[in-house]
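J.: Order-wise, the sequence lines are chains H and C.
Heads up: the first sequence begins at 3 in the working numbering, then just goes up one per residue.
Heads up: the second sequence begins at 2 in the working numbering, then just goes up one per residue.
Honestly, I wouldn't trust all of these hints.
[To be verified] Now the stretches of chain H that chain C is said to cover, found in silico as 3 or more residues with beta-carbon under 8 Å:
{"hint": "1", "region": "241 to 250"}
{"hint": "2", "region": "263 to 277"}
{"hint": "3", "region": "281 to 293"}
[Said to hold, decoys possible] Taking lysine to any residue pairs in the SDA-like style, the calculated list, with each CA pair at most 20 Å apart, reads:
{"hint": "4", "chain 1": "H", "residue 1": "K270", "chain 2": "C", "residue 2": "P50"}
{"hint": "5", "chain 1": "H", "residue 1": "K270", "chain 2": "C", "residue 2": "T45"}
{"hint": "6", "chain 1": "H", "residue 1": "K339", "chain 2": "H", "residue 2": "D14"}
{"hint": "7", "chain 1": "H", "residue 1": "K284", "chain 2": "C", "residue 2": "T80"}
[Unchecked claim] Listed next, the stretches of chain C that the computed footprint assigns to chain H, with coverage defined by at least 3 CB atoms under 8 Å from CB atoms of chain H:
{"hint": "8", "region": "62 to 76"}
{"hint": "9", "region": "85 to 91"}
{"hint": "10", "region": "95 to 106"}
None of these hints come from the bench; they were simulated from the model.
For every residue, glycine included, the Cβ atom is placed at its ideal position computed from N, Cα and C.
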Amino acid sequence: MVAAPGKRKTDDLIIVDADIHVNDTPAALTPYMTQPWRKSLEVMGGGTSYLNVPGFAPALKLDPPIPGGHPSRSVHTPAEMRQGLDELGIDLGVLFPDNLLLFAVLPNIEYATEISHAYNRWLVEEWLREDNGLYGAIVACPQNPHDSAREIARYAKEDKVVAVYLPTAGVHPLWGDRKYDPILGAAQAANLPVMLHSVTVVTPQFPYQLDQFENHWARQMLSHAFAMQANLVSLMHTGVPARFPELKVGFTEAGIAWVPYMIWRMDKYYNEYRRMIPFLEKRPSEYVRDRMWFATQPIEEPDDPRDLVATIKLYDPDGSRTLYASDWPHHDFDHPKGLLKLPMSPEMQRNIMGASALELFGIPAPVRK
Amino acid sequence: MAEHIIGPVAELPPGSHRVVKVRNLEIGIFNVGGAFYALPNICTHQFGPLCAGTVNGTTACSAATDWRFAWVREGEILTCPWHGMEFDITTGRCLANPKVRVRQYPIAVEDGIVKLTL
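Kindly generate the complete structure, drawing on both the sequences and the hints.
T.: Right under this line is the structure:
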C-alpha cells in the first residue's frame with residue numbers, strides 16, 4: 003500500500019471508507035456487454051455527464067444551471083482512486099458506482115440484467131485485481147431477482163467483493179418486498195452484507211416524488227433520507243431480519259441522525275401493532291442493533307459536536323454499528339478530519355473510522371509498511 | 002398481607018374477567034382455562050386501564066409456522082384499551098417488550114371461593 007506523505011495524526015488509526023464511487027460510463031461497460039445491448043451503450047459513449055445519461059442513468063434534471071459553485075469530480079481508474087484516498091488518509095475503501103446509483107429506475111428487465119452483469123465483471127476485472135486497498139460491492143438487480151441471486155453466488159468467493167449493493171433510488175417495490183427474497187437469501191448464503199444506497203432522484207415511485215420542490219437543495223434534503231427510512235421500514239414490515247437471521251444490512255448516504263428517530267418510532271408502534279408483524283420476535287430496535295450498520299456520510303454538523311456523538315450513542319453506544327464513509331469523490335464528500343475532530347472515546351473512534359467496517363465486510367486489518 | 006374474597010368461582014367462569022376494587026387498588030381478576038390471575042388495572046405504558054381491555058389470542062409467525070400466520074394463546078392475551086399493548090395474563094409480560102412486566106397478585110380458590118392476597 004502506498005503510504006501518504008508526511009506524518010499524520012491518523013497514522014495509528016485504520017481508516018476504512020464504506021462508500022466511494024467509481025465512474026461507470028457506458029463506454030467503460032461496453033466491452034462487457036453482449037448484443038444487442040452493447041449497441042445501446044456504444045450509442046451513449048463515454049463523454050456523458052454524471053448521473054444524467056438517458057437510458058443508462060436517466061434523471062429528471064429540473065434546475066437551471068447557475069454559474070459558480072464547486073466542480074463535480076469523478077474517478078476513472080484504480081490509480082486515481084488510490085491517489086485520492088491517500089490524500090484523504092484513507093487505508094481501504096468499498097467501491098460503489100456513480101451512474102448505476104440510478105440503476106433501479108431502468109424498466110427494461112433484460113437490459114438491466116445485462117448491465118448488472120457487465121458492471122460486476124468490469125468492477126472485479128478492472129478495479130479489484132490489485133492489492134491496492136480497494137474492495138467492491140457488486141450490484142444487485144431488483145428487476146430480475148432470480149438472476150441476481152445467481153450472480154451473487156457467482157461472486158461469493160471473490161476475496162475483494164465484500165458486499166452487495168442494493169440500488170435504492172427509485173426502486174419499486176421497496177427492498178423488503180418478498181419478490182427480492184432470492185437476492186437477500188443469496189447475500190446471506192454468501193455471507194455478504196447488503197448495502198442500501200440511494201441518490202437524489204425524481205421518479206413517480208414512493209418516496210421519490212420530489213417534483214414539487216423548486217430546487218435541488220430541497221430534493222437533496224429528502225431523497226436519501228426518505229429512501230433509507232422507507233426501506234428500513236419496508237425490510238422490517240415483511241420480517242426480513244427474522245426471515246434472514248444472518249443477513250447484515252448497511253445504510254449509506256443519509257447521515258445517522260435519522261436512526262434514533264426511526265428506531266424509537268418503530269418500537270413505539272411495535273407496542274401497538276405487534277400482532278400485525280409477529281415474525282418480529284424482538285423489538286425493531288434490537289434487530290437494528292444486532293445486524294444493521296449505518297454509514298456516516300453526509301455527517302450531520304450540529305453547532306455543538308457533542309450533540310452528534312450523543313446522537314450516535316443513542317443507537318450505537320460503542321460505534322460498532324457505525325461506518326465512516328467519505329462518498330469520495332462526490333460533491334458532498336466527508337473528509338476523515340470531519341469525523342476525527344468529534345469528541346469521542348478512542349474505542350468509539352477506532353470502531354467508526356475502520357474497525358466496524360473491517361468486521362462488517364470481513365476485510366483483514368491492513369498491515370502498515 | 003390479608004385475604005380478600007373476590008367471589009364464588011361460579012361467577013368467574015373460564016374465559017371471563019372482571020375488575021374489582023380492593024382497598025384503593027383496582028385489580029383485574031382473570032380466569033384463564035380454570036387458572037386464576039390477578040393483575041393491576043394500570044398499564045405500564047401510559048397508565049391506561051389495562052384490565053378493561055379485551056382478552057384474546059394473538060398471532061405468531063416464524064420458521065415453526067412455516068412463516069405463515071398462526072393464531073395462538075387464545076384467552077391468554079390482554080390488550081390495553083388505550084394503545085393496544087399486549088400482555089400475557091399468565092406471566093404479566095408485555096409481548097412487545099419482555100423487559101416490561103406487570104405485577105401479579107397472589108390469587109387462589111378455596112372451597113369454591115376466589116381469594117386474593119394483598
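J.: Sort out which numbered hints this structure fails and list those numbers smallest first.
T.: As far as the earlier hints go, not one is violated by this structure.
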